[in-house]
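Enquirer: Given chain A's structure and the hints, the job is docking chain B onto it.
Okay, here's what each chain looks like letter by letter:
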Amino acid sequence: MPQSISCGSCGNKIPQSSETCPHCGRPGIYWNVLAAEDPAEEAELMDRYEQAKAEATARGVAKQFTSFELALANSRAVIARPESEVLRLASSTRQLYATYYQLIDAGVRLPDSDEWDNLRELADVVLFAKYKDSIRFATLSLNGIGLSNYGSCSVVLKDEMIAHRTSVLEENSALFVQRHRIEISKFPDIPKGRRATWTDRAKLCVTKLSKKLTATTRPEDYSGILLKQGATSNDDEFVEAHIFGPITVLSMQRIIITEPDEGKKSVIRRAIEAKLSAHNVPVN
Amino acid sequence: MKALISGRAGVALIVDGQTLQSVDIKNSLRPVERNLGEVPFLFGDARDIQIVESGNLESISEQLREESRFTVGLDLVLIGLDSELARDIRHDALFELDKVLRDQSIAERLKNVLYAEPIPEGGDLRGALAMTAGNLWKQAHELLGSLREAQPAIAAVANAWQAIPTKTFGGSEARVEFRHAAIRLGLFHIIALGATMTDHSTRVFESIVARHIPNLAHWDLVMQQWALALGRRDTPLPDGQARLEDSEHEHIVEILKRLRRRKKAKAKKDEVTLRHEEHTH
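If you read the sequences in order, they're chains A and B. Quick note: the first sequence uses numbering that gives the first Met the number 0, first residue 0, plus one each step. Quick note: the second sequence uses numbering that gives the first Met the number 0, first residue 0, plus one each step.
In isolation and in its complexed conformation, chain A is listed as follows:
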């Protein structure tokens, strides 16, 4: 990933983390997508894809491979959050809420001490370098349900609001970094072909998961193959989506609540439903 790119309009250098060209001001620079669009990344992904396809054909599951890939093209980015966080998102266009929520936004600046160092080495530092603060994490899902270990509300995002600014990685980014022993440096050695643009997400997913297809795999099994919720979050298996920039209520397509309601929170849930209804976002 280069530290800077040339502006497509004025031709001058845009340093990494700038979301607009500092010279001509043209917007729409998504560094995670640029990284996934790197020709070497795309070429390696295509190689891995072709190998996976050949292997599936040799095993007699070519039909399942094609069918699974087609289904994956309709996968959605889903964020699982608790109700209180969803209320914040659902009211994100309202000045009343934004005013007071902003007053308690402390931001996180970890103190300088050894005990915090392993947190500082979070994978996103390696993968996203200077733009890590702009990245929101989601998972790909075929049934609209995300990783419910992290919250009872699965927020399904609208493709048209995120497709241009989202890339996908074949697994959890921190585990990816640990597994491939990637070291923090200015130019980290990241294995190619493991990430893709939103458009190519089906290719990445089927490349990763085709080994799980058998002659008896049915379309209703696809969802569980793409996202496996383990007994604990350590056992979760999923494809991670990285969304550049903010998410508001207008980025949401629908919400699926995976836990029954309870006492005090019920009024908050009703408020969420009312707010989402005003934006035509259904809650199931």
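I should point out that these hints are in silico values taken from the structure, not numbers from a laboratory. It is possible that some hints are incorrect.
Here are the simulated lysine-lysine pairs, DSS-like style, with alpha carbons at most 30 Å apart [what the hints assert, rightly or not]:
no. : chain 1 : residue 1 : chain 2 : residue 2
1   : A       : 157       : B       : 25
2   : B       : 268       : B       : 256
3   : A       : 131       : B       : 166
4   : B       : 166       : A       : 227
5   : A       : 131       : B       : 256
6   : A       : 12        : A       : 227
7   : A       : 131       : B       : 268
8   : A       : 210       : A       : 191
9   : B       : 166       : B       : 25
Each pair of labels, with its calculated beta carbon distance range [claimed, not checked]:
no. : chain 1 : residue 1 : chain 2 : residue 2 : range
10  : A       : 190       : B       : 15        : 30 to 36 Å
11  : B       : 132       : A       : 97        : 43 to 49 Å
12  : B       : 175       : A       : 222       : 41 to 47 Å
13  : A       : 222       : B       : 179       : 38 to 44 Å
14  : B       : 175       : A       : 62        : 54 to 60 Å
15  : B       : 165       : A       : 50        : 53 to 59 Å
16  : B       : 101       : A       : 281       : 50 to 56 Å
17  : A       : 190       : B       : 175       : 49 to 55 Å
Computed list of chain B residues with no C-beta within reach of chain A, every gap over 10 Å [claimed, not checked]:
no. : residue
18  : 34
19  : 54
20  : 70
21  : 122
22  : 138
23  : 179
24  : 252
Just so you know, even glycine gets a beta-carbon here, dropped at the ideal spot from N, CA and C.
Expert: Then chain B, alone, in the frame of chain A:
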């Protein structure tokens, strides 16, 4: 043990050497082992993260409970004030809020936030106050009533804060940090209350401030500039904001000046104590 705590995410991440655990308000505060990759999923977009430098499982869990109660309380106030929501939802939110406000520490923290900015567009304070009338929900009614009364003072203090030059804080990041600390300490709250404050409550507040203020850089200059900005009576006010009475205004300015003097006196006393200790050793 160290921890990151977010009431909005309802989670505390405990850092103990190389191991990570989390406790979740929805999961009976049972510790669960975590790995680094889970951190972004645990906190999501929550920005209310508190850093705990030293604690044990019990104290961290208790702080998480408090942060969570505070978050629910703030959500309930905002739902109660929200003119866009149906009356029955607002009504039920204020009913729940009344119960939350029985916890004095949560009530104080909510006031510290609500007194830091005037109610913006879309906030129906009058309607919410009417819903809690009749002494059925005393705590919620009192909170909303005093909040309504204090709106001109809250606006004056907030506007004066905006007028403090950023260089006074040492930069925009430092300004944000100072403001966050000042809100958490209740500084905006108490200064806005200054218009009607008794000598007793001023003294109580001064003692609180004297304990915490040494952690805030540029305190002296900020207080000076804040008082100066409040002193400029000709500053145009946003639409709909009422101007304070002169006497109320002077009272607030006087409080800021007293706080500044108090801090200076404390700094001087600390210096004398330090010199004395050095001399003794």
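Enquirer: All the hints need checking, so say for each whether the structure fits it.
Expert: Verification of the hints:
1. A/157 - B/25: holds (28 Å)
2. B/268 - B/256: Holds, at roughly 18 Å.
3. A/131 - B/166: holds (28 Å)
4. B/166 - A/227: violated (52 Å)
5. A/131 - B/256: Violated, at roughly 43 Å.
6. A/12 - A/227: violated (42 Å)
7. A/131 - B/268: With a Cα-Cα distance of about 45 Å, the restraint between residue 131 of chain A and residue 268 of chain B is violated, given a limit of 30 Å.
8. A/210 - A/191: holds (20 Å)
9. B/166 - B/25: violated (43 Å)
10. A/190 - B/15: 30 to 36 Å: Distance hint for residue 190 of chain A, residue 15 of chain B holds at roughly 32 Å.
11. B/132 - A/97: 43 to 49 Å: About 28 Å separates the Cβ atoms of residue 132 of chain B and residue 97 of chain A, which means 43 to 49 Å is violated.
12. B/175 - A/222: 41 to 47 Å: Given range 41 to 47 Å: holds, Cβ gap about 43 Å.
13. A/222 - B/179: 38 to 44 Å: holds (42 Å)
14. B/175 - A/62: 54 to 60 Å: About 57 Å separates the Cβ atoms of residue 175 of chain B and residue 62 of chain A, which means 54 to 60 Å holds.
15. B/165 - A/50: 53 to 59 Å: holds (57 Å)
16. B/101 - A/281: 50 to 56 Å: 36 Å Cβ-Cβ, so the 50 to 56 Å window is violated.
17. A/190 - B/175: 49 to 55 Å: violated (38 Å)
18. 34: violated (6 Å)
19. 54: holds (12 Å)
20. 70: violated (5 Å)
21. 122: violated (5 Å)
22. 138: Holds, because the least Cβ-Cβ distance between residue 138 of chain B and chain A comes to about 15 Å, which exceeds 10 Å.
23. 179: violated (6 Å)
24. 252: holds (23 Å)
Hints 4, 5, 6, 7, 9, 11, 16, 17, 18, 20, 21 and 23 from the list above are not met by this structure, while the remaining hints are.
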